[in-house]
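Asks: Read off the chains here:
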Amino acid sequence: MAIDAAHVTKRFGDFVALDDVSVDIPTGALTALLGPSGGGKSTLLRIIAGLEQADSGTITIEGEEATRLSPQRRNVGFVFQHYAAFKHMTVYRNVAFGLEIRKVPKDKIRRRVTELLELVHLDAMAHRYPAQLSGGQRQRMALARALAVEPKVLLLDEPFGALDAQVRKELRTWLRRLHDEVHVTTVFVTHDQEEAMEVADSIVVLANGRVEQSGRPDELYERPANDFVMSFLGPVTTLGGELVRPHDLEVLVQPAQDTVPATVLRVVRLGFEVRVEVLLDGVETWAQVTRTTAARLGLQSGSTVYVRPERVSADSDSLVASA
Amino acid sequence: MPELSSAAPKVAASTVSKVALRSVALTYLFFLLVLPLLLICWRTFDHGLTPVWTALSSASALHAFKVTVIVAVLAVALNTVFGVGVAILLVRHDFPGKRVLNAFIDLPLAVSPVVVGLALVLVYGNTTALGGWFSDHGFPIIFSIPGMVLATVFVSLPLIVRAVAPVLAEVGVEQEQAAWTLGASPWAAFRRITLPAIRWALAYGMVLALARSLGEYGAVAVVSGRLVDQTQTLTLFVEERYQNFDQAAAYAASFALAFLAVVILLLIKFLRPKDSA
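As they're listed, the protein sequences go chains G and P. Going by my numbering, the first residue of the first sequence is number 428, and it counts up by one from there. Going by my numbering, the first residue of the second sequence is number 1192, and it counts up by one from there.
Derived from the structure by calculation, the hints contain no laboratory data. Every value quoted in this text rests on a predicted model; they were computed, and no experiment measured them. Each residue gets a CB set at the ideal place from its N, CA and C atoms; glycine is no exception. Hints may contain errors.
As the list claims (entries may be wrong) - Listed below are several chain G residues computed to face chain P (Cβ distance under 10 Å; list not exhaustive): (1) Q499; (2) G525; (3) P532; (4) L582.
Stated by the list, open to error - To be clear about the criterion: a stretch of chain P counts as covered by chain G if any three or more of its residues have a C-beta under 8 Å from a C-beta of chain G, and this derived list gives those stretches: (5) 1367-1373; (6) 1380-1394.
Generate the whole structure from the sequences, applying the supplied hints.
Replies: In structure tokens:
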């Protein structure tokens, strides 16, 4: 394990940010700490970096006990949501900072910084100041700066949180590719489940200062440990008091085995997918079907349909469902 | 067209009130500020440059210059260290008594400098325990440079803190924390990251403090003992020359002080818009 956080508890006054949290981060992987705001994920990241002190519990980084180590001596790279760019330094000097502090010879610094700036596609911007860069460029600079000192682990605190949707999507794909190239153990904090599912090798869901579940993205999606994880990771609706995914509901025009009758309230077309809002036993719920299915069933508001949970255990089923 | 006809007098009224307001402000400033300063200039150069030069290059005037500069520079240096330290303490840390400290910082603005001077004499006067001890060890405080520096530090105390603290708050801690994770010691992070971030605000505060220190009269008058050619600053020199009917010297020194003030004012104007506005 690259990072082993054991029984970490942290309070801010009366507020319990982390309540006996234990997390293992595997070496070389890209792990997401996912959860709602105030769930404790950033606090955990800052405790791993040494920027906060845990009230109790231990942090081990690459086998070395780090609980009482200062941030300077943990050898972690940290990337902040708002970049924390050194405003009075050029991009080049920003990236070189950690190496200059370590008194690395000048020519070696030049080689390493040039290499990193190429890696993050900022080689043309080396002599600009952070104020002359876009948000995405600043964040890539911050990443290069953190990587320059060859950290044992790279920690990213909501790295794309301050960027607009388009840049966010580009950067997350780019981060995934970068990680495949660099292979440094990486932990990033996010409240965006889509981002976590898309980028991470494994996800730790944190809420109310506790770990709700951890595992591979598909494991969490298919086998959520509880209703919270299920509803946090994707859209949910209810069928007979149980939580189900709307795309796991089969909508039929004839009654069949296990079906429940329902009245269509509204049919909302959202491009490829169609959202069928129905009244079922007096409760409003919804199912997600494809455009083709909706056309085939001839769904209209007021018509009666029959709904049942789709069996998703077999691979062929999920293929059909997404086709 | 009732709307147009009603709009026209409104415009006229606002022009009239604008002109009136401007004239009042300018007249006020003229009588309060411009006229006295002009008169000082006029009186200074009434008999040409030679008497001014003679007055300013007299041994006493030069000595007063020297004392003023020594006291002001030492006071600004001390206040720079103290001001940045306190600003960091107030902005970055939470501790019991923080509000009290915050309120105390502004005290020198409220207390009359004469009272400050007297208070310092009470604590550090040569007949008191503390002052006596210093004096016995060859380092008298009152009626000597250290006391004058103390008094000047006291009166210009808030200027640097108040210039630096808001900028420090705006800059935030993240750049420093980023520097720590990159291996920079707290001192290295301060020197290479924090100090450059606050440099214009600090320069602004230092210039303000310098202006205040050069012009200080009340507190320094009490603690210096006004010893001619020993503890006489330029402001004390002006007062002493004027009392002794040496108006040429008094005006010349006044002009020098006013001239310094204008230079400093221009410096402040130059520094301010950078990032401390």
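Asks: Can we keep the Q499(G) interface hint, with Cβ of chain P closer than 10 Å?
Replies: Since chain P brings a Cβ to about 5 Å from Q499(G), closer than 10 Å, the hint holds.
Asks: With chain P as the partner, please determine if L582(G) meets the hint condition of a C-beta pair closer than 10 Å.
Replies: Holds - the Cβ of L582(G) comes within 10 Å of chain P, reaching about 8 Å at its closest.
Asks: Mind checking, does the stretch 1367-1373 of chain P have 3 or more residues with a CB under 8 Å from chain G?
Replies: holds (count 6)
Asks: Is the interface hint for P532(G) satisfied, with its Cβ closer than 10 Å to some Cβ of chain P?
Replies: Interface hint status for P532(G): violated (16 Å vs cutoff 10 Å).
Asks: Would the hint on G525(G) stand, with a C-beta cut-off of 10 Å toward chain P?
Replies: With a minimum Cβ separation of about 4 Å from chain P (threshold 10 Å), the hint on G525(G) holds.
Asks: Can the stretch 1380-1394 of chain P be counted as covered by chain G under the rule of three residues or more with Cβ-Cβ separation shorter than 8 Å?
Replies: Result for this restraint: holds, n = 4.
Hint check: a violation occurs at hint 3 only; the rest are consistent with the structure.
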